[in-house]
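Novice: Residue numbers (numbering that gives the first Met the number 0), protein chains in the order written: chain A, 0 to 79; chain B, 0 to 259.
Be aware that a few hints might be false.
Below 27 Å or equal to it, Euclidean Cα-Cα: the simulated DSSO-like pairs (lysine-lysine) are [what the hints assert, rightly or not]:
#1 B:Lys32 / B:Lys128
#2 B:Lys128 / B:Lys103
#3 B:Lys246 / A:Lys19
#4 B:Lys10 / A:Lys19
#5 A:Lys35 / A:Lys57
#6 A:Lys19 / A:Lys47
#7 A:Lys19 / B:Lys31
Since the hints were derived computationally from the structure, they do not count as laboratory data.
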Amino acid sequence: MKPFFHDKRRSAGYARDRMKLLLISERIECSPQMMKMLKSDLVHTVKKYVTIEENKVKIQISQEPPVLMAYIPVITKKDR
Amino acid sequence: MGEVIVITSGKGGVGKTTTVANIGTGLAMMGKKTVVVDTDIGLRNLDVVLGLENRIVYNLVDVVNGSCRMKQALIKDKRHPELYLLPSAQTKDKTAVSPEQMIKLTDDLREEFDYILLDCPAGIEQGFKNAIAGADKALVVTTPEVSAIRDADRIIGLLEANDLRDIHLIINRLRPDMIARGDMMSVDDVTEILAVDLIGTLLDDEQIVVATNQGEPLSGKNSQAEEEYRNICKRLMGEDVPFVEIKQKKSMFSRLFKRH
Numbered sequence: 000m001k002p003f004f005h006d007k008r009r010s011a012g013y014a015r016d017r018m019k020l021l022l023i024s025e026r027i028e029c030s031p032q033m034m035k036m037l038k039s040d041l042v043h044t045v046k047k048y049v050t051i052e053e054n055k056v057k058i059q060i061s062q063e064p065p066v067l068m069a070y071i072p073v074i075t076k077k078d079r
Numbered sequence: 000m001g002e003v004i005v006i007t008s009g010k011g012g013v014g015k016t017t018t019v020a021n022i023g024t025g026l027a028m029m030g031k032k033t034v035v036v037d038t039d040i041g042l043r044n045l046d047v048v049l050g051l052e053n054r055i056v057y058n059l060v061d062v063v064n065g066s067c068r069m070k071q072a073l074i075k076d077k078r079h080p081e082l083y084l085l086p087s088a089q090t091k092d093k094t095a096v097s098p099e100q101m102i103k104l105t106d107d108l109r110e111e112f113d114y115i116l117l118d119c120p121a122g123i124e125q126g127f128k129n130a131i132a133g134a135d136k137a138l139v140v141t142t143p144e145v146s147a148i149r150d151a152d153r154i155i156g157l158l159e160a161n162d163l164r165d166i167h168l169i170i171n172r173l174r175p176d177m178i179a180r181g182d183m184m185s186v187d188d189v190t191e192i193l194a195v196d197l198i199g200t201l202l203d204d205e206q207i208v209v210a211t212n213q214g215e216p217l218s219g220k221n222s223q224a225e226e227e228y229r230n231i232c233k234r235l236m237g238e239d240v241p242f243v244e245i246k247q248k249k250s251m252f253s254r255l256f257k258r259h
């Protein structure tokens, strides 16, 4: 069904999100491709020790100050 | 001792030269002895924006080479007794001047003027390096577009790498109508992305084009943009001038009944 009102998130929102991601990767000289590799390496390493929900892993770098944050949900015995 | 301020952007066409002309004129009108320097060697254009193109005899390269004295190259704007222009050379290229020579030049100008505004060329090559060499402060001009913002961020990084940390942001060509409907990044969006101190927000204003056509910046029509240029001057002089909220001027009804 088509919503009555237009999507509030118009082009400016996309521009802002694209710029934030791009400029962070440029400032730390880490390309989106390298971020992907970093993510897969992280997953690979953590998997050696604990069971994780691999498809829910997120990594992101905040702007000021730049901090690398990884969200890695861990599965406990009870969940399995 | 005067203050040397470089106006830069990375990307071309965002309004550096217009900004220099307007801020320079504004400072002079407020009684500050000001010189605007066109450092874009080979692509002279600050002179036409100021309407002084017919009075050029010597230029920046002549001064640096010692072909003339500083006083001979400086053009005094007859409309504003405190405003001077040091034009760039049209026949030379950017390699005609070195950063060391620019430092010497700006130091000489400091003795004479309260404010020395340097109009930086677009790009990050020799011309940019020359323009920032002698500067104490940088004003980075951008527009709310992805291309200009990306280049501004790169420029900010390069300025910091060159130990120029007194950096302030001017956002040019804002369109309140587009921001209101979510199709243009807002002042808050741009300042958050670039994370530097904001010193000016300018609307996309026809009056600025008119003033440039006439070679008369701040010609007194009192448009919103002219008012904001004056506010930027006051902020440069240390006054705490609040920012005017960027919003649509006309109500929905007045737009509906606008005559065409």
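Novice: Please list, smallest to largest, the hint numbers that this structure does not respect.
Specialist: Violated hints: 6 and 7; rest satisfied.
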